[in-house]
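2 protein chains.
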Amino acid sequence: MEITRRDLIKVSATITVLGTLGRASVAAHDPLPSWNDGPSKEAILDFIHDTTDKSSSKFVPAEERFATFDQDGTLWVEHPIYSQVMFAFERVFVLAPQHPEWKTTEPFKSVLADDKEAMAKFTLRDLEEILFATHTGMTVESFQTIATDWTAKAKDQRWKRPYTDLVYQPMIEVLRYFREKEFKTYIVTGGGQDFVRSYAERVYGVPPQNVIGSALDLHYEYDKEGQGVLMRPPKLLLNNNLSGKPEDIYLFLGRHPKAVFGNSTGDQQMEEFTQAGGGATLMMMVLHDDAQREYAYGPARGLPDTKVGTFTQALYDEAKSKGWNVISMKNDWKRVFAFEQ
Amino acid sequence: MEITRRDLIKVSATITVLGTLGRASVAAHDPLPSWNDGPSKEAILDFIHDTTDKSSSKFVPAEERFATFDQDGTLWVEHPIYSQVMFAFERVFVLAPQHPEWKTTEPFKSVLADDKEAMAKFTLRDLEEILFATHTGMTVESFQTIATDWTAKAKDQRWKRPYTDLVYQPMIEVLRYFREKEFKTYIVTGGGQDFVRSYAERVYGVPPQNVIGSALDLHYEYDKEGQGVLMRPPKLLLNNNLSGKPEDIYLFLGRHPKAVFGNSTGDQQMEEFTQAGGGATLMMMVLHDDAQREYAYGPARGLPDTKVGTFTQALYDEAKSKGWNVISMKNDWKRVFAFEQ
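As you go down the protein sequences, you meet chains A and B in turn.
Numbers in this note's numbering are just positions in the first sequence, counted from 1, shifted up by 93.
Numbers in this note's numbering are just positions in the second sequence, counted from 1, shifted up by 93.
Simulated from the structure, these hints should not be mistaken for lab results.
Be a bit skeptical, because a hint or two may be false.
No distinction is drawn between identical chains; accordingly, a pair holds when it is met within one copy or between any pair of copies.
Said to hold, decoys possible - Listed below are the simulated BS3-like cross-link pairs for lysine-lysine, each with C-alpha atoms no more than 30 Å apart in a straight line:
1. Lys400 x Lys328
2. Lys253 x Lys415
3. Lys328 x Lys147
4. Lys400 x Lys196
5. Lys415 x Lys277
6. Lys147 x Lys277
7. Lys328 x Lys415
8. Lys147 x Lys253
9. Lys246 x Lys317
10. Lys317 x Lys277
11. Lys274 x Lys147
Using the sequences and the hints given, assemble the complete structure.
Shown next, in the form of structure tokens:
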């Protein structure tokens with residue numbers, strides 16, 4: 094059969110149509126639809142491409158694909174106060190009848206009096222006392238029930254929605270996209286491991302065994318019926334913050350992650366540790382610079398220093414000098430929450 | 094078309110042939126070929142059937158399928174001395190030139206003199222001193238290299254083979270079968286977590302993040318070049334034995350396992366904890382009653398008490414009274430090692 098010029102035109106037209114369809118199809122399957130085009134989105138897409146394309150020099154076998162995510166301020170709102178601290182304060186009210194002495198004893202007295210000024214000045218020691226008083230002395234199963242019940246009912250005051258609605262939609266997309274590309278996604282949080290595990294699977298698609306957090310030194314003992322139970326004593330085993338993050342990542346995983354998302358000085362060492370693993374790595378830091386849609390705080394780049402989830406100028410400078418990517422909530426995120434239309 | 098008697102005979106013959114092939118095919122696919130028929134093999138097969146057949150009342154969704162395995166004496170030989178202790182003793186020789194004082198200081202003196210009588214009397218404190226002296230003071234990466242090098246070269250004296258050849262073939266089949274049925278298989282060992290992680294993937298198909306073991310309180314610090322490194326200090330964080338096993342399983346997984354394999358008093362609480370999770374559960378205990386092919390020790394059922402991996406009569410009685418299954422190496426295992434033909 095002779096190929097005529099008309100045939101060639103037909104073929105060419107077909108290729109053009111297919112090409113257009115192809116591009117349309119790619120656009121329809123944007124894995125990160127809540128992200129604006131820009132350096133942050135590009136860094137994520139490039140990293141996923143490089144590590145999952147077999148022909149790439151940065152290819153990473155599926156069994157080595159691990160990504161770690163801080164939670165407070167990285168996956169959900171941490172302002173004006175960590176949700177878990179709200180949970181602890183509300184537990185003080187629930188438990189107060191069993192502790193009449195709390196009415197006259199700090200730090201409980203201020204919580205029960207709803208003395209916001211005093212609470213804002215709580216030291217770490219005060220918070221620890223409240224956390225131990227409200228989070229320990231029960232079985233692990235009892236704690237799961239208490240935490241689950243609270244999360245189902247409690248609401249944030251600004252948005253009048255459950256705290257679990259206040260997860261960042263762009264980050265939910267990142268978690269899903271990483272898992273779609275056979276990355277194991279881990280939450281590595283300064284928050285309580287068992288608290289976060291009580292909702293992480295439902296909210297983030299992250300099962301309990303993929304949540305690494307601050308954890309109590311659990312105690313196995315026998316109850317009156319001779320049944321073994323795991324009790325929660327007022328003793329911390331893992332303080333999963335700052336240097337604790339790389340220490341606990343190695344304890345749980347025995348390796349460096351390939352990608353990491355954080356937002357504060359508590360994540361600095363985990364970011365460094367990821368980069369130190371070598372090969373293809375992705376270090377991301379969320380900067381809260383969107384007072385309108387969420388909150389604005391740093392103090393990096395002159396944003397207010399609110400003491401919660403601090404992103405210092407020194408950390409910002411380290412990020413820039415080491416080639417970590419700073420995500421601007423304001424510029425990089427098309428929307429912040431799933432409930433925004 | 095009329096169906097003749099001859100047609101029916103043909104169809105019937107075909108069905109018979111297919112049926113035979115079907116059975117042959119089932120036999121060819123016995124997932125546990127190194128196990129003799131008997132109550133232990135039956136308990137495993139029944140458990141897997143019940144938990145993975147959607148029509149079963151004991152069905153367990155794939156995301157809840159977790160099985161935990163002790164290592165020493167359950168997955169590989171622990172007699173006459175734990176491999177990791179052999180590793181520590183050999184490290185004493187390697188490090189001795191840097192520690193001239195060891196020649197005259199116990200417990201190192203006895204190790205260097207190869208004084209077997211003295212070594213047999215080492216207390217836990219002696220062993221801890223040797224483990225700390227040989228396992229700490231380096232980065233996590235250095236330790237991986239040292240451990241990997243040793244495992245590649247070291248040989249057991251009885252079989253003249255690498256320790257990693259001394260894994261029980263019937264248990265390798267169990268690990269594989271569980272994973273084939275979408276169970277996540279975890280090693281939960283009193284041995285050092287990082288030591289076991291150095292070979293577990295190659296030997297058992299269990300990746301580092303699925304090994305839970307005794308672990309040091311790692312320390313993240315900065316080296317002379319300002320690079321963050323994870324150091325191994327002489328301080329234990331997790332003593333993953335006895336009550337430590339359920340405590341650490343919950344720390345890592347946030348749940349009860351569905352199946353458990355152990356062999357000594359160190360596994361008792363992990364067996365109890367699995368059963369306490371309720372629903373479909375499988376509790377298995379390996380009894381070393383095969384002096385010929387491996388070793389015989391208890392002291393359950395009058396077997397000698399060798400102090401390593403003790404299976405007491407009290408534990409045996411608890412197992413029987415609670416419906417746990419005791420595996421007789423002698424009767425239940427067709428062969429012990431892969432290198433046996």
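Now the hints, each set against the structure:
1. Taking the shortest alpha-carbon separations for Lys400 and Lys328, only the intra-copy value of 25 Å comes in at or below 30 Å, while the best inter-copy value is 33 Å.
2. With identical chains, the CA atoms of Lys253 and Lys415 are never at most 30 Å apart, being 39 Å at best within one copy and 51 Å at best between copies.
3. In this assembly of identical chains, Lys328 and Lys147 lie within 30 Å of each other by CA distance neither inside one copy nor across copies; the values are 47 Å within and 42 Å between.
4. Proximity of Lys400 to Lys196 under the C-alpha cut-off of 30 Å is restricted to the intra-copy arrangement: shortest distance 28 Å within a copy versus 55 Å between copies.
5. Within a single copy, Lys415 and Lys277 get their C-alpha atoms as close as 25 Å, which meets the 30 Å cut-off; across copies the closest is 37 Å, which misses it.
6. Taking identical chains as interchangeable, the C-alpha atoms of Lys147 and Lys277 lie at most 30 Å apart whether they share a chain (18 Å) or sit on different chains (27 Å).
7. In this homomeric assembly, Lys328 and Lys415 never come within 30 Å of each other (Cα to Cα): the closest approach is 37 Å inside a single copy and 33 Å across copies.
8. Taking the shortest Cα distances, Lys147 and Lys253 never come within 30 Å of each other, neither inside one copy (47 Å) nor across copies (41 Å).
9. In this assembly of identical chains, Lys246 and Lys317 lie within 30 Å of each other by CA distance neither inside one copy nor across copies; the values are 33 Å within and 51 Å between.
10. For a Cα distance limit of 30 Å, the shortest separation of Lys317 from Lys277 qualifies neither inside one copy, at 41 Å, nor across copies, at 33 Å.
11. With identical chains, the CA atoms of Lys274 and Lys147 are at most 30 Å apart both within one copy (13 Å) and between copies (29 Å).
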